[in-house]
Structure formats: C-alpha cells, structure tokens
Amino acid sequence: MAEGKKTPTPAVTANPWRRLRAYTDARIGLGRAGVSLPTSELLAFQLAHAQARDAVHLALDMTTLCEQLERISGRAPLRLHSRAVDRVTYLQRPDLGRCLDEDSRSRLHMPEASAASPVDLAVVVADGLSSFAVQNNTGPFLEAFLSQLDASGETWSLAPITVVEQARVAVGDEIGDLLNARAVLVLVGERPGLSSPDSLGLYLTWAPAPGRTDAERNCISNIRPAGLDVREASRRALYLLQEARRLKISGVSLKDRSETPVLECVTGPGNFLTG
Amino acid sequence: MGKAYRYTLGQRVYRFEGLADLMARATPARSGDRLAGVMARSAEERVVAQMALAEVPLKSFLNEALIPYEADEITRLILDDHQLSAFDPIAHLTVGDFRNWLLSDDATPEMLTALRPGLTPEMVAAVSKLMRNQDLILVAKKCRVETAFRSSIGQPGRLSTRLQPNHPTDDVTGIAASILDGLLYGNGDAVIGINPATDNVSQSVRLLNLVDDVIREYAIPTQSCVLTHVTNTLEAMEQGAPVDLVFQSIGGTEATNRSFGVDLAVLREARDAALSLKRGTLGDNVMYFETGQGSALSADAHHGLDQQTCEARAYAVARKFEPLLVNTVVGFIGPEYLFDGKEIIRAGLEDHFCGKLLGLPMGCDICYTNHAEADQNDMDNLLTLLGVAGCNFIMGIPGSDDIMLNYQTTSFHDALYVRQVLGLKPAPEFERWLVDMQIIQSETGRLMAYVPERFATALKRLPSSGTGVGHG
Numbered sequence: 001m002a003e004g005k006k007t008p009t010p011a012v013t014a015n016p017w018r019r020l021r022a023y024t025d026a027r028i029g030l031g032r033a034g035v036s037l038p039t040s041e042l043l044a045f046q047l048a049h050a051q052a053r054d055a056v057h058l059a060l061d062m063t064t065l066c067e068q069l070e071r072i073s074g075r076a077p078l079r080l081h082s083r084a085v086d087r088v089t090y091l092q093r094p095d096l097g098r099c100l101d102e103d104s105r106s107r108l109h110m111p112e113a114s115a116a117s118p119v120d121l122a123v124v125v126a127d128g129l130s131s132f133a134v135q136n137n138t139g140p141f142l143e144a145f146l147s148q149l150d151a152s153g154e155t156w157s158l159a160p161i162t163v164v165e166q167a168r169v170a171v172g173d174e175i176g177d178l179l180n181a182r183a184v185l186v187l188v189g190e191r192p193g194l195s196s197p198d199s200l201g202l203y204l205t206w207a208p209a210p211g212r213t214d215a216e217r218n219c220i221s222n223i224r225p226a227g228l229d230v231r232e233a234s235r236r237a238l239y240l241l242q243e244a245r246r247l248k249i250s251g252v253s254l255k256d257r258s259e260t261p262v263l264e265c266v267t268g269p270g271n272f273l274t275g
Numbered sequence: 001m002g003k004a005y006r007y008t009l010g011q012r013v014y015r016f017e018g019l020a021d022l023m024a025r026a027t028p029a030r031s032g033d034r035l036a037g038v039m040a041r042s043a044e045e046r047v048v049a050q051m052a053l054a055e056v057p058l059k060s061f062l063n064e065a066l067i068p069y070e071a072d073e074i075t076r077l078i079l080d081d082h083q084l085s086a087f088d089p090i091a092h093l094t095v096g097d098f099r100n101w102l103l104s105d106d107a108t109p110e111m112l113t114a115l116r117p118g119l120t121p122e123m124v125a126a127v128s129k130l131m132r133n134q135d136l137i138l139v140a141k142k143c144r145v146e147t148a149f150r151s152s153i154g155q156p157g158r159l160s161t162r163l164q165p166n167h168p169t170d171d172v173t174g175i176a177a178s179i180l181d182g183l184l185y186g187n188g189d190a191v192i193g194i195n196p197a198t199d200n201v202s203q204s205v206r207l208l209n210l211v212d213d214v215i216r217e218y219a220i221p222t223q224s225c226v227l228t229h230v231t232n233t234l235e236a237m238e239q240g241a242p243v244d245l246v247f248q249s250i251g252g253t254e255a256t257n258r259s260f261g262v263d264l265a266v267l268r269e270a271r272d273a274a275l276s277l278k279r280g281t282l283g284d285n286v287m288y289f290e291t292g293q294g295s296a297l298s299a300d301a302h303h304g305l306d307q308q309t310c311e312a313r314a315y316a317v318a319r320k321f322e323p324l325l326v327n328t329v330v331g332f333i334g335p336e337y338l339f340d341g342k343e344i345i346r347a348g349l350e351d352h353f354c355g356k357l358l359g360l361p362m363g364c365d366i367c368y369t370n371h372a373e374a375d376q377n378d379m380d381n382l383l384t385l386l387g388v389a390g391c392n393f394i395m396g397i398p399g400s401d402d403i404m405l406n407y408q409t410t411s412f413h414d415a416l417y418v419r420q421v422l423g424l425k426p427a428p429e430f431e432r433w434l435v436d437m438q439i440i441q442s443e444t445g446r447l448m449a450y451v452p453e454r455f456a457t458a459l460k461r462l463p464s465s466g467t468g469v470g471h472g
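Chains as they are written, first to last, in the UniProt record's numbering: chain A, 1 to 275; chain B, 1 to 472.
If you're looking for bench data, these hints aren't it; they were derived computationally from the structure.
Check before you lean on any hint, since a few could be wrong.
Unchecked claim - Quick look at which bits of chain A chain B covers, simulated, 3 or more residues with Cβ under 8 Å:
id: 1; stretch: 17-31
id: 2; stretch: 43-57
Unchecked claim - Listed below are several chain A residues computed to face chain B (Cβ distance under 7 Å; list not exhaustive):
id: 3; residue: Val12
id: 4; residue: Thr13
id: 5; residue: Val35
id: 6; residue: Leu129
id: 7; residue: Thr274
Quantities reported herein were computed from a predicted structural model and do not represent experimental measurements.
Heads up, the beta-carbon is just placed ideally off N, CA and C, and yes, glycines get one too.
Using the sequences plus the hints, can you model the full thing?
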C-alpha cells in the first residue's frame with residue numbers, strides 16, 4: 001500500500017491507529033474525506049481491483065510460456081484447449097472447462113502417448129482464473145520441482161507437459177487418463193484476491209480418470225513470491241507425490257504431514273483492546 | 001410432476017411442464033439457471049411464462065408441491081406450518097392480483113405482518129418474478145421486521161452493520177485491529193462476526209472469548225458470533241464458551257442442507273442450547289443464518305427448481321427459528337450463478353423482498369468476486385437501493401477487502417455513506433453507546449475528529465513505533 005506518499009489535505013481526517021497495519025494486511029486506518037475514502041485510498045483500491053481483473057481476463061501468452069517450459073523440461077509442451085471456447089463461456093460453464101475439446105483429445109491419442117507405455121507422472125498447466133499466476137510462477141516452480149525430482153534419486157517417468165487454455169482443475173483427470181499416467185499434477189491459476197492476483201494452485205490426483213472428485217485430490221495453494229515460495233511448494237509436492245505412489249491414493253486420506261505446524265496465532269501484542 | 005400449463009400468444013401455444021418449470025422460465029435471466037438448464041429459452045418465452053404465472057391462483061401453491069412432500073423436510077415444514085386463517089384475505093387472488101394488492105394502499109405494514117403465516121416461500125418467489133426492481137423496493141419498505149438480543153435491529157430509520165474482522169490466520173492482534181477500526185467508524189451494531197480461517201472447535205472458542213472480552217470491556221450493546229459449523233458451536237456451548245448467536249449456512253431443500261451437514265433437528269437443538277444460556281438482554285433472537293442463490297444447484301440438490309425459488313424456500317427454514325439476522329450473501333458464489341452486476345443487484349433485491357415479506361430480519365452481504373463482471377459501482381448501486389428498501393443490516397469490513405475470504409463487500413465507510421445520504425442511524429442502543437464513548441457527536445451523529453479516550457488508552461498498550469512485522 002502507498003502509505004503517506006502525500007501530506008494529507010485538510011479535507012482528509014487521518015486515523016492515528018493506521019500504525020496497526022504492522023499487524024494486519026486489512027485496509028484499516030484509511031482515513032476519511034467526510035465519511036468517504038480519501039482519493040489516494042480510492043485509487044489504491046481501484047488499482048488492486050484492476051490487477052485482479054486483468055489476471056482473470058488477459059489471455060495467457062502461450063508462445064512465451066511454452067518456450068520457457070521447453071527450456072526447463074527439454075521437451076516441447078503439448079498445447080491443448082478445453083471445450084469452453086472463450087473466457088465468457090469459461091466463467092459461466094464450469095462443466096466445459098473440465099473437458100478437452102475434440103481436437104485436443106485426438107492429439108493426445110497419438111501413438112507417442114499410447115496405452116502401451118504407462119508413465120509415472122503427467123504435469124498439466126491450466127490457465128484457470130489467473131493468467132498472471134501461470135505466466136509468472138509456473139516456470140520457476142517447475143524448475144525447482146524437476147530438479148528436486150532429479151535429486152530424489154528415484155525413477156520418475158514423465159509424460160510431455162501439457163498446457164491447456166480455458167481449463168479447470170478436473171481437466172487433468174481426462175489428460176492423465178489419455179496419457180496413461182499413474183498420477184497427475186495440475187498447476188492452475190487460482191481465483192485472484194484483491195491483494196493476491198498471482199496465486200498459483202497445485203492439485204495432485206493419483207490414478208486420474210474422468211469422474212474423480214475434489215475429495216480425491218491434494219492441494220497446495222497460494223504459490224507466489226509474496227506467499228508460498230516455489231522451493232517450499234515443490235518440496236511439499238514431491239512429498240505428496242512420493243506418499244501417493246507408496247500408498248496408491250490421493251485426497252483426504254493422504255495427509256500432508258510435511259507442513260510446518262501452525263503455532264498459536266499471535267504475531268503482535270495480542271488483544272490490546274482489553275489489555 | 002403436476003399438470004402442464006399452457007399459454008397462447010398469437011398463433012403459438014407455449015407449454016410449461018408443471019409449476020416448477022413455469023416458475024423457472026418466468027425468472028429474470030441469470031447464469032445459474034442457464035447452467036441448470038431451466039432458464040427461459042428466449043426472451044419471449046420468459047414474458048409468456050410470467051403472463052401464465054400471473055394467472056395461477058395462489059391456492060395452487062398449497063396443492064402442488066414443487067418438491068414432493070414425502071421427499072423433502074423443507075416442503076413438509078412449509079405445508080405443515082401454513083395457516084389457512086392468515087391466508088384467507090388473499091386466498092382468492094392469482095399471482096398477478098397478489099402483485100397489485102401488495103403495491104396497493106390496502107397492504108399496510110400491519111396487514112403484511114398478519115399475512116406472514118399464510119404465505120409460502122413459493123407464493124412469494126412467484127410474485128417477485130413479476131415485479132420490477134422498484135416494486136421489490138416499495139413492498140419491502142412496507143414490511144417491518146424487528147429483532148433483538150443486546151441491540152434492537154430493524155427499527156424504521158435504522159441501518160445496522162455486521163463488523164467482519166476476518167484475518168487469514170486468525171491472528172489475534174490483526175482481528176483486534178480490525179474490530180477497533182470498525183467501532184471507531186460506528187460499525188458493529190448487528191454483530192461482531194468472524195469467519196474463522198481454521199474451522200474447528202478450539203479455534204472457535206478462542207475467537208468467541210476474544211470478542212466477548214471486547215464486548216464486556218467496553219459494554220458494547222452488540223453480540224458476537226463465530227461463523228463456524230453449527231455442530232462446532234454446540235460443542236463450544238457444552239464447553240462453556242460465551243456463545244451469543246448460533247451461525248449456520250442454510251439452503252431451501254433438504255438435500256442442500258444435508259450437503260451443509262445440517263437438518264432441522266440439529267438447528268432446533270442448537271437454538272435451544274443458545275436460548276438456555278440467556279445471554280440476550282433485550283430479546284432472545286439467537287440465530288444468525290446465511291443464504292444465497294445458487295447453493296442448491298452447487299450441491300446438485302435443486303430438484304430442477306430455479307435458484308431464486310430455492311433461495312426463498314431457505315427462508316422457511318430461517319423463520320422457523322426466529323433469527324436475529326438473516327444474511328443473503330449475494331455475490332460471493334461467483335459468475336456461474338450470478339454473472340454480473342445486473343444479476344447480482346436483481347438477486348439482492350429479490351432476496352431482501354422475499355425474506356422481508358416472509359417476516360425475516362433481512363440483511364445483505366453486498367459483494368462480488370474478482371471473476372464476476374462487477375465492481376464497486378455496482379455495489380454502490382445495490383447498497384443505495386437496499387438502503388431505500390429498508391434493509392436491516394449490511395456488512396462492514398476495512399476498505400471493502402476481505403483478506404481471508406478473498407472477495408469484496410461493503411466497507412465501514414460505505415455504511416456511513418448510506419446512513420448519511422438516507423438519514424439512517426445505527427441501532428438505538430448502539431447509537432447511545434457511540435455518543436457515550438465519544439465516537440460520534442450527539443447532535444449531528446458525525447464522527448469525532450480525534451481518537452476517543454478509551455481507545456487512545458488501548459493504543460498506548462502497543463509498542464510505540466508499531467514496527468512489528470512490516471506488512472505495510
């Protein structure tokens with residue numbers, strides 16, 4: 001937040017308790033012009049909303065992303081599209097965003113991905129609700145993840161990376177099934193918050209097939225520079241993947257014990273209102 | 001399925017497969033009904049359905065259950081509790097006549113109050129589908145619904161707010177900071193209500209104690225609520241936690257409620273437990289319900305009904321338990337159900353009207369998500385319209401930004417805006433408290449320019465530089 005950039009005009013009543021923002025990201029102590037937001041706060045909000053809107057509506061730059069993923073993985077990704085033809089359809093028809101269009105399906109039926117050779121893992125990149133998240137955070141995450149996978153000393157055969165436009169998480173079920181993958185890892189742009197337009201989510205599903213429910217997936221959320229960093233996210237993803245392969249399950253019955261335990265949530269002086 | 005309805009327009013005969021189908025096709029357009037496949041197939045079909053619906057006698061709703069009596073406990077609740085004697089003054093009317101009557105001077109606030117036990121949610125939903133936004137506002141304004149716990153909510157000329165101090169990790173300092181901000185902006189007279197980030201019993205108890213401590217320390221005429229599952233609140237009460245209000249999300253079909261993990265029996269049990277605590281000083285309305293169009297479809301529990309009719313049926317559940325507050329969370333669910341500002345505004349006015357006509361203390365979470373085609377201007381419009389319509393309460397949150405739930409709702413400033421332009425005041429007990437605490441001036445009701453003494457003292461407890469962890 002832009003704090004104290006300008007000297008307050010006499011029409012604005014400042015709030016001395018603004019210093020409590022050291023303890024919360026909530027927009028407290030904004031001050032007021034009459035009873036309304038001061039101009040600077042109004043515009044700060046509008047900017048945050050504009051960035052969140054752009055994250056939803058600006059299309060993914062597929063060329064740049066695919067070049068980056070090819071550099072990282074050493075293999076050109078497969079470009080796919082869901083049955084939602086455009087963003088307006090995507091937003092209103094969650095069912096269409098969960099399925100591949102005919103053209104994409106036929107491309108995955110190629111001999112390269114035939115049933116003869118099962119693979120351990122398919123990585124699916126889906127634009128979801130934030131192209132920012134995917135554009136900015138997928139490359140760094142996969143770089144960290146693939147190197148940790150390498151360093152694990154285990155054998156993991158990988159399907160070619162797929163990048164899907166106008167896609168929701170469940171599209172990974174169909175792709176994993178067509179690629180004959182034992183597990184699928186879907187990287188997806190999450191619903192953007194006002195202060196977090198670039199949040200990437202990660203969903204792991206063991207034995208992907210159409211019809212899997214959300215209860216059968218494990219999720220790692222809020223992967224972004226100001227949230228969960230890519231090295232920690234990929235450490236957790238690798239842990240979940242190893243556990244899923246060992247137990248042959250994913251979802252609610254596969255607990256993520258890799259998380260740092262959350263301690264008593266008091267970062268500051270506590271309830272200062274009652275002393 | 002009941003009998004088919006037919007309507008002839010020129011050469012063309014339109015056919016509707018029963019009352020549920022007719023209601024759905026008559027509903028103003030929204031994305032959730034399109035997703036469910038129950039929306040009118042053309043603009044003309046929608047108006048024809050409205051014309052056919054206008055001719056349906058209100059009595060039909062007592063004979064043709066939209067969801068079978070045997071299959072759904074909400075249908076049983078609606079029909080078993082219906083009072084023919086209260087229905088009698090309008091028993092001869094069609095849906096179209098009913099709209100005319102509601103708008104007429106015959107429908108006084110007293111008449112509308114007496115009518116409530118004679119109305120079913122389906123009658124109310126049906127008439128709302130024929131009404132323009134101004135009709136929904138005019139009739140809702142005539143409905144008076146007052147409730148009380150430690151403050152009185154819903155008196156004419158008053159607009160209350162829920163102070164919503166959510167924090168992504170339930171951090172105590174962060175929550176206390178947002179509570180202070182809200183109180184100093186004159187918010188919080190409906191409830192201080194936290195959505196916990198971690199949804200379990202021990203966390204709820206911690207948060208209940210936090211808010212209760214603040215309410216007692218400053219003798220605030222308001223009530224607390226932690227918006228956790230009803231079974232968690234029941235357990236918290238067993239542990240002796242200071243529970244003022246029991247919260248629960250509810251829907252309009254038995255299957256929707258099952259997807260929320262509740263039924264009428266557990267709501268009754270929780271209400272009885274809260275009543276036995278006798279913590280209310282002015283009244284014993286101990287329930288806080290949240291609803292919202294689309295929840296039934298989202299749970300695949302809509303039985304082919306349109307989402308607005310499902311929503312109205314949720315109000316039958318709410319009124320059974322005499323709540324202090326009912327909040328329709330209108331734009332939270334996303335564009336799959338309400339696509340844009342126009343659909344959100346319409347839904348907010350419908351829900352407020354239907355709830356009020358059925359006798360509920362309706363408030364509205366005037367809100368949107370970032371993937372909906374909506375912005376602050378749309379919220380300003382709905383806020384102003386609901387203020388005119390006599391809405392009991394709205395949300396109040398720092399700078400409209402819920403940093404835990406990641407959506408935008410009305411701010412503390414927004415509440416002051418609508419109070420100022422419409423000459424509305426907070427709940428009377430809370431207004432007196434604001435004056436006593438020197439938060440507002442007694443003559444003008446305007447905010448003071450300085451920090452009131454009690455709160456300045458509290459702020460002195462903080463490290464002087466306020467350096468802490470640099471979020472700012």
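Which numbered hints are broken by the structure, listed smallest first? 3
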